[in-house]
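Construct all of the structure, not just a fragment, from the sequences and the given hints.
Sequential numbering of the sequence shown, starting at 1, is according to UniProt numbering.
In short, the hints are calculated from the structure, not lab data. Quick reminder that beta carbons are idealized off the backbone N, C-alpha and C, glycines included. Among the clues, some could well be false.
If you anchor each label on the Cβ, the simulated ranges turn out as follows [said to hold, decoys possible]:
no.: 1; residue 1: 243; residue 2: 174; range: 28 to 34 Å
no.: 2; residue 1: 200; residue 2: 111; range: 27 to 33 Å
no.: 3; residue 1: 25; residue 2: 224; range: 26 to 32 Å
no.: 4; residue 1: 224; residue 2: 192; range: 36 to 42 Å
no.: 5; residue 1: 14; residue 2: 179; range: 28 to 34 Å
no.: 6; residue 1: 194; residue 2: 19; range: 32 to 38 Å
no.: 7; residue 1: 203; residue 2: 127; range: 26 to 32 Å
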Amino acid sequence: MNAKQITKRGYGFKEAEVVKIEGLSKLLERFTKRIGISYTGSSTLKSYRRAVRDLSLFNGALPNDLEVDQILDYLHELRTQGLSWAKIKIDVAGLKFFYREMTHDPVKADHIPYPKEEKSLPKLLSREELLQLFDAALNPKHRLILRLIYGSGLRRSEVINLRIDDIDTRDGKCRIRINKSKGAKDRYTVLSTKVLEELRTYFLACRPKVYLFNGQKKGQPVSFGLLRHITLKAIERSGITKPVNLHILRHCFASHALEDGMSLRVLQEILGHSSIQTTMVYLHVSDVPLQGAFSPLDNIEEK
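See the structure below:
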């Protein structure tokens, strides 16, 4: 494979190229069905399938016929060409799944290591900078979207797929239901009372039918592209020089929630993390106060 075919946005191969290797198309079809049994998320299905497809096309052979060294050479090439740890990790997960489930070769799967994690912590916005960002979004709907993402710690895909009936205010509650997001998990997250009032105003003005934020096409939600446009415009107007994207707002929510006293376990549930280790990264970027902290020794010894 030519190195220039590997890009930071993808792996360079096209789906039409699978016909170059006899039997690859049918193998990928069977693999796709097998993924669907274990995973319901479409992003996992596409990523795992693409990982096996690109490995085969890179080597010009079916994945069943490859040795471990050939697999490692491919992963090394991806890293050399600048693919991030996160993207290579997805590839490795897909390849491990393939060799365990499709070839029943756990030994080969076990010899494919995950790349060493890049220990980079997110650069967060201060609370003052967040207010600058919100004020710079001149369109009320756009400003509401940014405030909702930060105020509820939402992923980009989650705000896109929000439906009207996901807003739960029954019995005095003020929360959002997140349906089968990353990892196909249902969960609830918090909803700011201020944002709730803004949502009511927005609802009366825009009258959404199904999705909370409508896109340009009838019956379709707001697009990834529009969310990116909203963010870039707000950053440009705000004068903020830090690198900012939508996911930074979720990071800010997590960090500020810890600083304001939310427990790590509750934050884990709200963010939808399967592992507490993922949530713990925010301890390193948060100024968690020690006010109110005490030694349990004071309570177990007699006074």
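Outcome for the supplied range 27 to 33 Å, where the beta carbon pair is residue 200 and residue 111: About 56 Å separates the Cβ atoms of residue 200 and residue 111, which means 27 to 33 Å is violated.
32 to 38 Å as the expected CB spacing between residue 19 and residue 194, which holds or is violated: The hint (32 to 38 Å, Cβ to Cβ) is violated, given that residue 194 and residue 19 are roughly 56 Å apart.
Residue 203 paired with residue 127, Cβ distance criterion 26 to 32 Å: Holds, since residue 203 and residue 127 (Cβ atoms, about 27 Å apart) stay within the stated range.
Cβ distance range 26 to 32 Å for residue 25 and residue 224, holds or violated: Between residue 25 and residue 224, where Cβ atoms are some 29 Å apart, the hint holds.
Outcome of range test on Cβ distance (residue 243, residue 174; 28 to 34 Å): Hint holds: Cβ distance 32 Å, inside 28 to 34 Å.
Range hint 28 to 34 Å (beta carbons of residue 14 and residue 179) holds or violated: Roughly 33 Å apart at Cβ, these two residues keep to the hinted range, so it holds.
Outcome for the supplied range 36 to 42 Å, where the beta carbon pair is residue 224 and residue 192: Given about 24 Å between the Cβ atoms, the range is violated.
Going through the hint list in order, the structure does not satisfy hints 2, 4, 6.
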